[in-house]
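In terms of this note's numbering, the sequence shown is residues 893 to 1256.
Since the hints were derived computationally from the structure, they do not count as laboratory data. All of these numbers come straight from a predicted model, not from anything done at the bench. C-beta: ideal position from N, C-alpha, C; glycine also. Please note: incorrect hints may appear among the correct ones.
[What the hints assert, rightly or not] Below, computed lysine to any residue pairings styled on SDA-like, alpha-carbon distance capped at 20 angstroms: (1) K1154 with E1185; (2) K1221 with E941; (3) K1221 with E1128; (4) K1154 with E1182; (5) K1154 with A1250; (6) K1154 with S1236; (7) K1154 with E1128; (8) K1221 with G906; (9) K1221 with P1121; (10) K1154 with S1199; (11) K1154 with A1202; (12) K1221 with P1191.
[What the hints assert, rightly or not] Pairwise CB distance ranges (calculated): (13) T896 with H970: 50 to 60 angstroms; (14) H974 with D1124: 37 to 47 angstroms; (15) P1042 with S1214: 15 to 25 angstroms; (16) R1064 with E1043: 15 to 25 angstroms; (17) A1046 with T1024: 18 to 28 angstroms; (18) G1022 with A991: 14 to 24 angstroms.
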Amino acid sequence: MTTTADEIRGTTHGTAPVPLSVLDLVTVGSGSTATDALRTSVALSRLAESRGFHRYWVAEHHSMPGVASTSPAVILAHLAAHTDRIRLGSGGVMLPNHAPLVIAEQFGTLEAMAPGRVDLGLGRAPGTDGATAAALRRTDRLGEGADDFPEQLAELVRFLDDDFPDGHPYRRIHAVPGPVQATSPGGVQSPHRPPVWLLGSSGFSARLAGSLGLPFAFAHHFSAQNTIPALDLYRESFRPSAALSEPYALIGVSALATEDEKEARRQITAAALNMVRLRTGRPGLVPTPEEAEAYPFSPMEREFVDSWNANVVHGTADEVRSGLDDLRKRTGADELMITSNAHSGELRLRSYELIADAYGLPTA
């Protein structure tokens, strides 16, 4: 049971230069609940499917009131029940927080729920602060988790493929659902296995993904200065594998389209204030634009906001399309995964509609 390039490479629709996808942080705005945010995710996944977006990923975060995506596998199971075709995946699961067997079981279960449309994106960061990571892992030796990532990855892949060698202590342990079911009397196994992606915001995962011949997803939306160096490193390091004969890289892009450029600016500034609070140890719900307008930014905070917003493609639909086209040309990315962050779910949904319209994506 292997992953093929057809399960990795996306399809381009309309006038988009590359396949377009969605990264959902399941954000919770002030005055809203996690239930509201998850309902928006269901609506957004169905919109993305109907408009020809290729895949829909959710990311693992912890201890952040404004982000409800603590359990990607649980959310993906919910979205699988409300969609039929779009690829669903993690962008990503932070592997050092989990036993590899648990992740193999979770994503084997998801693959059984939605055959042939599940991606397993993996990161080596904790997706939270150090204290929360220690609580998740039941240890304060956090450096070991990141340093051991290649070994954890290799173990996870062996569980997914059920191919530990004879004599290995895990040889008789099997991730279920998984390939072992095909070896049981009367067993029939799915021909699919979730493609493994590596995620990164620096060069470590770029080099590792390249050396293993895996697809690579780069977090341009919060590490824009490292995007081109990391993608270059990935391509230089790439070695063909059973999954891919040549590199395939997507980048996560923060983009927000509105009917009015000024409204887009108001919305992304509110999202930037949320990041200011997070970076200064005061995480909270995503504030309203009005709250951001009244907030007394210090000079240092204002500098951060300006820097953060400079990497958000925002404005009218035509302006966002132009910005995305330019970003794709500069990076050579094979796919753009768009995350639209705004205080309200309605504005997030509208942003994706406007972007789809701007590229002439299908309407059904």
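Against the structure, the hints:
1. K1154 with E1185: Since the Cα atoms of K1154 and E1185 sit roughly 13 angstroms apart, the hinted pair holds (cutoff 20 angstroms).
2. K1221 with E941: Measuring from Cα to Cα gives roughly 26 angstroms; hence the hint is violated.
3. K1221 with E1128: Holds, at about 19 angstroms.
4. K1154 with E1182: holds (13 angstroms)
5. K1154 with A1250: holds (19 angstroms)
6. K1154 with S1236: Cα-Cα ~16 angstroms, so holds.
7. K1154 with E1128: Given pair K1154, E1128 is violated - Cα atoms ~41 angstroms apart, limit 20 angstroms.
8. K1221 with G906: holds (17 angstroms)
9. K1221 with P1121: Given pair K1221, P1121 holds - Cα atoms ~15 angstroms apart, limit 20 angstroms.
10. K1154 with S1199: holds (18 angstroms)
11. K1154 with A1202: holds (15 angstroms)
12. K1221 with P1191: Answer violated: K1221 to P1191 is near 34 angstroms, above 20 angstroms.
13. T896 with H970: 50 to 60 angstroms: violated (27 angstroms)
14. H974 with D1124: 37 to 47 angstroms: holds (39 angstroms)
15. P1042 with S1214: 15 to 25 angstroms: Check failed, 40 angstroms falls outside 15 to 25 angstroms.
16. R1064 with E1043: 15 to 25 angstroms: holds (20 angstroms)
17. A1046 with T1024: 18 to 28 angstroms: At roughly 26 angstroms between Cβ atoms, T1024 and A1046 fall inside 18 to 28 angstroms, so the hint holds.
18. G1022 with A991: 14 to 24 angstroms: Roughly 20 angstroms apart at Cβ, these two residues keep to the hinted range, so it holds.
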